[in-house]
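2 protein chains.
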Amino acid sequence: MISPLEKLVKSLKKFPGVGEKTAIRYAFFILNANQQEIDELVRNIEIVKRDLKLCSECFHLTEGDLCDICGDTRRDRSRICVVESPLDLLSVEKSGDFRGIYHVLHGVMSPLDGIGPDEIKLNELVRRTNQENVKEVILALNPTVEGEATASFIRDQLRKTGVIISRIAYGIPVGGSLEYADPLTLTRAFEQRTTL
Amino acid sequence: MISPLEKLVKSLKKFPGVGEKTAIRYAFFILNANQQEIDELVRNIEIVKRDLKLCSECFHLTEGDLCDICGDTRRDRSRICVVESPLDLLSVEKSGDFRGIYHVLHGVMSPLDGIGPDEIKLNELVRRTNQENVKEVILALNPTVEGEATASFIRDQLRKTGVIISRIAYGIPVGGSLEYADPLTLTRAFEQRTTL
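Quick note, the sequences are listed as chains A and B, same order. Here my numbering = 1-based position in the first sequence + 45. Here my numbering = 1-based position in the second sequence + 45.
Incorrect hints may appear among the rest.
[Stated by the list, open to error] Going by beta-carbon spacing under 10 angstroms, a handful of chain A positions derived as facing chain B:
| no. | residue |
| --- | --- |
| 1 | Val54 |
| 2 | Ser56 |
| 3 | Phe73 |
| 4 | Lys94 |
| 5 | Thr107 |
| 6 | Glu108 |
The hints are simulated quantities; they were obtained by calculation from the structure and are not laboratory data. C-beta atoms are modelled at their ideal positions from N, C-alpha and C, and glycine is treated no differently.
Please put together the full structure from these sequences, using the hints given.
Structural data, given as C-alpha cells:
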C-alpha cells in the first residue's frame with residue numbers, strides 16, 4: 046500500500062473495535078472527503094484534546110472550571126449520582142429523569158490491576174458527601190465484579206455520614222425478553238420485585 | 046453533551062457506517078488516548094490529504110509522479126487491469142497474482158447520476174491502450190449494473206485496437222456455499238464453468 050495511507054490505517058486501527066478493513070474504509074473516506082470536512086475533523090480532535098478538563102467538583106468533562114451540570118442552579122444538589130465514566134454520566138443524562146448532580150469516579154477499584162481507592166476519585170466523593178448538604182448518594186456503577194466491589198466499598202466508607210446510599214436497580218431491560226435474560230439478572234429482578 | 050465533544054461526534058458520524066454510539070465511543074477514545082498517539086493520527090490525516098496525488102499514468106494514488114506499480118520495471122506492461130477505485134486495486138494487489146499494471150477509472154458510468162465516459166478516466170484508458178504495447182485489458186469492475194454497463198462500453202471502445210479484452214470471472218466465492226449463493230451468481234458460475 047502507499048505509505049502515507051498505510052500510516053493512517055495504522056492510526057485508525059487503534060480506535061476501539063476497528064480492524065484492518067474498517068480502518069482502510071475510514072482512510073479512504075478521509076482521502077476522498079472534501080478538505081473542509083477534514084479540516085473540521087482535525088480541529089474538533091484538537092479542541093477536544095486541548096480544551097476539555099475535569100470539573101473541579103464532580104470530575105465530569107468541562108471546558109471551564111465547573112461543568113454544565115454543577116453550574117446549573119436548578120439541579121438538586123442534595124442527590125449525588127456516582128458513575129464510573131463521563132460516558133456513563135451522559136447515558137444517565139440522556140434518560141432525562143435524574144435532576145441531581147454527579148460524581149465521576151474515572152474507573153472502579155480493581156486490586157489485580159493495581160487500582161485502589163486512591164487511583165479513582167473516591168476520597169473526593171467522601172469529602173463531597175461530608176461537606177455538601179447531601180441527602181442521598183445513588184450508585185450507578187456497572188454490574189461487574191469490580192463495580193460491585195467498588196459499590197460495597199463506597200457503602201462502607203459513607204455509612205458513618207448518615208446519608209442514604211442507594212443503588213440503581215438490576216433487572217430485565219425494558220423491551221428485553223425473559224427468554225434471553227441471564228440467570229443472574231433474573232435472580233436480581235426477582236429480588237428487587239416491586240408490589241403493584 | 047459537552048460542546049467540543051459533541052462537535053467531534055458530529056465529525057466522526059460522517060465516517061462510513063458510523064452512527065451516534067460508535068462516534069461517541071471513538072470520541073472518548075480520542076479524549077482518553079495519549080497526546081502523542083493523537084498527534085500522530087492528526088499528522089497522518091494531514092499527510093494523506095496533502096501529499097497523495099494520482100499517478101500520471103494509471104491514476105492510482107501516489108506521492109510522486111508515477112505510482113509504485115507503474116514505476117516498477119519488473120511489472121508486465123502488456124497487461125492492464127482496469128479497476129474502479131484505488132481500494133479495488135489494493136484488493137487485487139493483495140491476492141499477489143497479477144503482475145501487470147493497472148488503470149484506475151475512479152468510478153463507473155452512471156447516466157442517471159450524470160456520470161458519463163468523460164467523468165471517469167475512460168478516455169485515458171483508450172489512449173493508453175493505443176499508445177502502449179498492450180496485449181490484454183482485463184476488466185475487474187464490480188458486478189453491479191453500472192459496472193456491467195461500463196465494461197460493455199469499454200469493450201466497444203477498445204474493440205478496434207485489437208487487444209484482448211477479458212473480464213475476471215464471476216462465480217461462487219472460495220469458501221462460500223451454493224446454498225447461500227444468489228441465483229444470478231449461480232447462473233454466471235454455470236456459464237463460466239471450466240472443463241477439468
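Outcome of the hint check:
1. Val54: 9 angstroms, holds
2. Ser56: Check passed: Cβ of serine 56 of chain A comes within 4 angstroms of chain B, closer than 10 angstroms.
3. Phe73: The hint holds - phenylalanine 73 of chain A has a Cβ within 10 angstroms of chain B, the shortest such distance being about 5 angstroms.
4. Lys94: 6 angstroms, holds
5. Thr107: 7 angstroms, holds
6. Glu108: Glutamate 108 of chain A check passes; min Cβ-Cβ to chain B is 7 angstroms, inside 10 angstroms.
Going down the numbered hints, you'll see the structure goes against none, and every one checks out.
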